[in-house]
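Model the full assembly from the supplied sequences, consistent with the hints where possible.
So the chains spell out like this:
There are 2 protein chains.
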Amino acid sequence: MKTKKEQVLIIGAGLCGSLLALRLGQRGYDVTLVEKRPDLRMVGQDAGRSINLSLSDRGVKAMKMVGLQDEIEKLCIPMIGRMIHDISGHKFMSLYSGKEDKYINSISRPGLNMLLLDTAEKLPNVKLHFNKSCESINFKNTMAVFEDYDTKEKITYNADLIFGTDGAGSVVRNNMFVNKDLRLSFSIDWLSHSYKELTIPATKNGDFRSEQNALHIWPRGENMLISLPNLDGSFTVTLFLAHETGKDNFENLNTPEKVSNYFEREYPDAKALMPNLTEEFFENPTGRLGTVKCHPWNTYGKTLLIGDSAHAIVPFYGQGMNASFEDVVVLDKFIEKYEGDWGKTFSEFQKERKVDADAIADLAIDNFYEMKEHTANPLFQKKRKLEVAFEDHYPGKYNSKYSLVTFNADIPYSEAMKRGRAQDKAILKLLDGGKLTDSVSLEEKLSLVLNETKNILHDDDTAKKI
Amino acid sequence: MKTKKEQVLIIGAGLCGSLLALRLGQRGYDVTLVEKRPDLRMVGQDAGRSINLSLSDRGVKAMKMVGLQDEIEKLCIPMIGRMIHDISGHKFMSLYSGKEDKYINSISRPGLNMLLLDTAEKLPNVKLHFNKSCESINFKNTMAVFEDYDTKEKITYNADLIFGTDGAGSVVRNNMFVNKDLRLSFSIDWLSHSYKELTIPATKNGDFRSEQNALHIWPRGENMLISLPNLDGSFTVTLFLAHETGKDNFENLNTPEKVSNYFEREYPDAKALMPNLTEEFFENPTGRLGTVKCHPWNTYGKTLLIGDSAHAIVPFYGQGMNASFEDVVVLDKFIEKYEGDWGKTFSEFQKERKVDADAIADLAIDNFYEMKEHTANPLFQKKRKLEVAFEDHYPGKYNSKYSLVTFNADIPYSEAMKRGRAQDKAILKLLDGGKLTDSVSLEEKLSLVLNETKNILHDDDTAKKI
Numbered sequence: 003m004k005t006k007k008e009q010v011l012i013i014g015a016g017l018c019g020s021l022l023a024l025r026l027g028q029r030g031y032d033v034t035l036v037e038k039r040p041d042l043r044m045v046g047q048d049a050g051r052s053i054n055l056s057l058s059d060r061g062v063k064a065m066k067m068v069g070l071q072d073e074i075e076k077l078c079i080p081m082i083g084r085m086i087h088d089i090s091g092h093k094f095m096s097l098y099s100g101k102e103d104k105y106i107n108s109i110s111r112p113g114l115n116m117l118l119l120d121t122a123e124k125l126p127n128v129k130l131h132f133n134k135s136c137e138s139i140n141f142k143n144t145m146a147v148f149e150d151y152d153t154k155e156k157i158t159y160n161a162d163l164i165f166g167t168d169g170a171g172s173v174v175r176n177n178m179f180v181n182k183d184l185r186l187s188f189s190i191d192w193l194s195h196s197y198k199e200l201t202i203p204a205t206k207n208g209d210f211r212s213e214q215n216a217l218h219i220w221p222r223g224e225n226m227l228i229s230l231p232n233l234d235g236s237f238t239v240t241l242f243l244a245h246e247t248g249k250d251n252f253e254n255l256n257t258p259e260k261v262s263n264y265f266e267r268e269y270p271d272a273k274a275l276m277p278n279l280t281e282e283f284f285e286n287p288t289g290r291l292g293t294v295k296c297h298p299w300n301t302y303g304k305t306l307l308i309g310d311s312a313h314a315i316v317p318f319y320g321q322g323m324n325a326s327f328e329d330v331v332v333l334d335k336f337i338e339k340y341e342g343d344w345g346k347t348f349s350e351f352q353k354e355r356k357v358d359a360d361a362i363a364d365l366a367i368d369n370f371y372e373m374k375e376h377t378a379n380p381l382f383q384k385k386r387k388l389e390v391a392f393e394d395h396y397p398g399k400y401n402s403k404y405s406l407v408t409f410n411a412d413i414p415y416s417e418a419m420k421r422g423r424a425q426d427k428a429i430l431k432l433l434d435g436g437k438l439t440d441s442v443s444l445e446e447k448l449s450l451v452l453n454e455t456k457n458i459l460h461d462d463d464t465a466k467k468i
Numbered sequence: 003m004k005t006k007k008e009q010v011l012i013i014g015a016g017l018c019g020s021l022l023a024l025r026l027g028q029r030g031y032d033v034t035l036v037e038k039r040p041d042l043r044m045v046g047q048d049a050g051r052s053i054n055l056s057l058s059d060r061g062v063k064a065m066k067m068v069g070l071q072d073e074i075e076k077l078c079i080p081m082i083g084r085m086i087h088d089i090s091g092h093k094f095m096s097l098y099s100g101k102e103d104k105y106i107n108s109i110s111r112p113g114l115n116m117l118l119l120d121t122a123e124k125l126p127n128v129k130l131h132f133n134k135s136c137e138s139i140n141f142k143n144t145m146a147v148f149e150d151y152d153t154k155e156k157i158t159y160n161a162d163l164i165f166g167t168d169g170a171g172s173v174v175r176n177n178m179f180v181n182k183d184l185r186l187s188f189s190i191d192w193l194s195h196s197y198k199e200l201t202i203p204a205t206k207n208g209d210f211r212s213e214q215n216a217l218h219i220w221p222r223g224e225n226m227l228i229s230l231p232n233l234d235g236s237f238t239v240t241l242f243l244a245h246e247t248g249k250d251n252f253e254n255l256n257t258p259e260k261v262s263n264y265f266e267r268e269y270p271d272a273k274a275l276m277p278n279l280t281e282e283f284f285e286n287p288t289g290r291l292g293t294v295k296c297h298p299w300n301t302y303g304k305t306l307l308i309g310d311s312a313h314a315i316v317p318f319y320g321q322g323m324n325a326s327f328e329d330v331v332v333l334d335k336f337i338e339k340y341e342g343d344w345g346k347t348f349s350e351f352q353k354e355r356k357v358d359a360d361a362i363a364d365l366a367i368d369n370f371y372e373m374k375e376h377t378a379n380p381l382f383q384k385k386r387k388l389e390v391a392f393e394d395h396y397p398g399k400y401n402s403k404y405s406l407v408t409f410n411a412d413i414p415y416s417e418a419m420k421r422g423r424a425q426d427k428a429i430l431k432l433l434d435g436g437k438l439t440d441s442v443s444l445e446e447k448l449s450l451v452l453n454e455t456k457n458i459l460h461d462d463d464t465a466k467k468i
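Order-wise, the sequence lines are chains A and B. In case it helps, the working numbering puts the first sequence at residues 3 to 468. In case it helps, the working numbering puts the second sequence at residues 3 to 468.
Wrong hints could be hidden among the right ones.
Which copy? The list can't say, so a pair holds if one copy fits it or any two copies do.
[To be verified] In silico lysine to aspartate or glutamate, EDC-like type, Cα no more than 20 Å apart, as pairs:
| id | residue 1 | residue 2 |
| --- | --- | --- |
| 1 | Lys260 | Asp426 |
| 2 | Lys447 | Asp72 |
| 3 | Lys142 | Glu213 |
| 4 | Lys295 | Asp364 |
| 5 | Lys335 | Glu354 |
| 6 | Lys142 | Glu253 |
| 7 | Lys437 | Asp463 |
| 8 | Lys7 | Glu338 |
| 9 | Lys76 | Asp103 |
| 10 | Lys384 | Asp463 |
| 11 | Lys295 | Asp360 |
Worth flagging that the hints you see were computed from the coordinates, not collected in a lab.
Here you go:
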């Protein structure tokens with residue numbers, strides 16, 4: 003393998019940083035990957051910090067790019083739909099798509115991260131350093147100063163290129179923000195709700211206590227519970243609860259009794275499967291949820307923010323990791339195209355990718371409301387039923403917004419959002435106008451929806467002409 | 003006048019802080035107004051820093067509230083429309099409304115600020131302090147520490163209520179942001195363009211060198227020049243120029259010769275009236291333009307951000323000051339309604355006002371594109387001509403988006419945006435569909451536009467049902 007001349011410094015060895023190190027290593031660059039935390043292959047994972055994630059087509063595409071598709075499959079549990087649990091304990095499955103071969107995967111975050119680190123480390127031109135926290139960056143000279151956690155020693159790394167893959171609270175981004183010359187536009191938008199991770203353990207025999215091939219949701223209007231299966235037979239449960247507003251919130255659920263009563267009232271079937279509920283509730287941290295956007299992502303054509311550091315999103319579309327992985331795929335495309343011209347590579351990457359990152363951020367917020375409220379709304383269920391029927395009977399002719407985002411890795415998020423929203427608006431308009439009654443055939447319904455969608459998109463485009 | 007028991011601390015004595023001090027003083031509260039800068043009544047105004055502003059109906063309403071309408075009128079020069087200057091020196095007037103009695107006013111920022119300070123200072127229960135810069139705030143105890151500019155002495159003010167009226171770069175807001183317990187959502191969005199103030203001086207006789215009752219615009223697609231009249235016969239000219247992108251920008255116009263050539267090429271008629279162009283260009287500061295949003299505005303029901311500190315906007319709708327003044331009018335309504343219950347007053351204020359502040363911020367960005375590009379676009383001119391005809395022939399039946407925002411102080415910004423955008427979309431759809439040809443009467447055109455607007459609003463509402 004020929005070694006390229008550029009020295010690359012990657013700050014942050016989470017999912018995105020590890021994948022990027024691996025990919026740039028495969029391309030022959032001399033890569034130094036520096037992480038402030040200890041090597042997670044040597045220490046235990048923190049309890050209560052997003053243990054599993056959902057991996058879907060965009061993420062799978064990135065795994066194929068680096069040749070890890072077979073390895074990854076062993077870590078995955080397919081989920082074919084949402085299992086909705088109502089308050090009286092009844093449940094029903096809402097498929098993600100009319101086609102049963104379309105599914106998303108539950109995957110362990112540390113398991114995936116370890117696989118990426120192991121694979122990257124095997125390359126002779128990739129070096130990993132842990133326990134070194136970034137303190138400051140000179141963007142003009144692409145030089146970064148770190149402090150070693152143990153020795154407190156200051157270490158300076160010089161590089162030709164720096165990638166900031168240090169997540170939502172990015173130090174690289176903060177260094178850009180405080181540098182007034184760089185005029186970094188920035189936003190952080192906290193959600194009204196925070197989260198708490200809990201567990202439904204496996205049975206003694208290691209079996210699942212509930213359907214394993216589903217993402218379980220207990221929508222309760224204001225708040226909700228979800229759970230995803232793990233390979234060991236357990237489920238990781240996440241409570242999304244208002245921080246301080248509404249009747250029940252993290253501020254007032256402050257005793258084991260109150261927590262127990264709340265779960266008994268709202269999620270009795272889930273509570274019955276969680277023997278350690280109150281202990282976990284008070285032991286695990288309460289995680290905050292926010293959306294981070296910023297612009298520009300690149301500085302002097304030599305430093306690039308990528309992944310969560312550039313665009314952290316709320317988890318409700320299950321696309322955070324997938325979006326970060328897709329970043330690496332898109333970047334790789336431009337590295338191939340403009341090989342060696344990094345200013346062009348970074349600016350074209352940003353130009354294509356910023357609108358898509360903004361789109362998935364907004365879609366994820368939409369899905370928060372969809373999951374906690376709308377999944378229990380009859381009008382929403384009517385729309386979903388129709389969409390599932392379209393996808394089932396006319397494969398390829400109709401893709402719901404969810405399908406466009408989740409199962410169509412070649413359609414950019416921004417396009418999926420535009421088309422998906424227009425479709426939703428069209429269906430609701432037709433339902434509202436009494437055009438989709440039972441006497442109308444499914445074929446005719448599809449034709450009405452497609453036509454109305456086309457009109458809506460055309461009118462939106464016309465309105466943008468001035 | 004009965005003195006109320008609450009001690010009020012207002013941080014920042016710009017336009018909004020001065021008006022708020024005056025109003026709370028009139029209501030009998032014990033008010034301390036603290037400003038970091040010197041008293042602008044004692045020192046000269048900085049050159050090149052937004053000397054004049056446009057005052058319209060929402061701002062005038064606030065002046066009426068505090069009984070200053072007659073005093074204000076003496077400071078105003080009415081502007082009845084936009085005088086558009088093309089590159090060959092031709093010009094034409096685009097009226098703001100079909101009704102000639104609708105106009106906006108050019109007003110001097112320091113003149114207005116001085117009037118508000120003078121009026122507030124006359125009240126025995128209002129105290130002003132200058133040259134004291136806020137360093138930190140304890141939000142739980144409503145206590146703020148200031149440093150005196152001259153003596154460097156630290157001074158602590160205790161209060162029952164604190165208002166942050168310290169503008170776009172608010173120290174009060176920054177103190178909220180760094181306090182993680184407060185979970186302040188925050189965004190700053192820098193515009194691609196910065197600005198530079200210049201001057202068209204009066205003639206030797208003190209006359210205006212161009213039409214005085216207009217806001218002059220030289221739209222050039224990428225960049226633009228505008229000018230507003232001053233009472234002394236001069237115009238304050240503002241160049242809005244890309245910071246570093248495009249052919250001409252602040253980075254590359256870096257010699258007197260380049261500046262002179264640029265103006266000769268793009269704004270020859272304006273250049274002919276600016277004898278000190280290049281001196282001013284290099285002496286006056288380059289101002290950055292950004293949109294600031296944040297949430298929540300109030301902390302523990304005892305501290306409130308209001309005006310630019312809560313929502314700084316770009317200047318292209320001429321609504322920044324008007325929005326801040328309207329804040330005080332809306333706050334005053336809730337003070338009247340919930341007298342003494344400040345938690346309720348602040349939360350209801352925020353609930354009503356946040357959507358309106360967001361709306362005018364977005365409209366101001368829209369107007370940036372409208373002013374620099376669309377005013378020179380034939381399709382836009384067709385739309386404007388039609389709207390002016392509607393407003394002229396059917397007063398009360400039609401208000402353009404601009405009229406809704408500028409001349410309808412009783413319609414909230416958010417409503418003006420929603421309705422205004424739907425109207426624009428309707429007109430463009432009808433023009434696109436060939437429905438507004440010359441053979442259609444004006445009355446019929448109005449009816450088509452109103453009907454299509456209604457349909458668009460209905461469909462948008464339907465789409466929000468889930």
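Structure-based check of each hint:
1. Lys260 / Asp426: Neither. Shortest intra-copy (39 Å) and inter-copy (53 Å) distances fail the 20 Å Cα cut-off.
2. Lys447 / Asp72: neither (41 Å within a copy, 64 Å between copies)
3. Lys142 / Glu213: neither (54 Å within a copy, 48 Å between copies)
4. Lys295 / Asp364: For Lys295 and Asp364, the Cα distance is within 20 Å both inside one copy (11 Å) and across copies (17 Å).
5. Lys335 / Glu354: within (11 Å within a copy, 47 Å between copies)
6. Lys142 / Glu253: Answer is between; shortest inter-copy Cα gap is 17 Å, intra-copy 45 Å.
7. Lys437 / Asp463: between (25 Å within a copy, 18 Å between copies)
8. Lys7 / Glu338: Answer is within; shortest intra-copy Cα gap is 15 Å, inter-copy 70 Å.
9. Lys76 / Asp103: Answer is within; shortest intra-copy Cα gap is 18 Å, inter-copy 75 Å.
10. Lys384 / Asp463: between (28 Å within a copy, 18 Å between copies)
11. Lys295 / Asp360: both (7 Å within a copy, 17 Å between copies)
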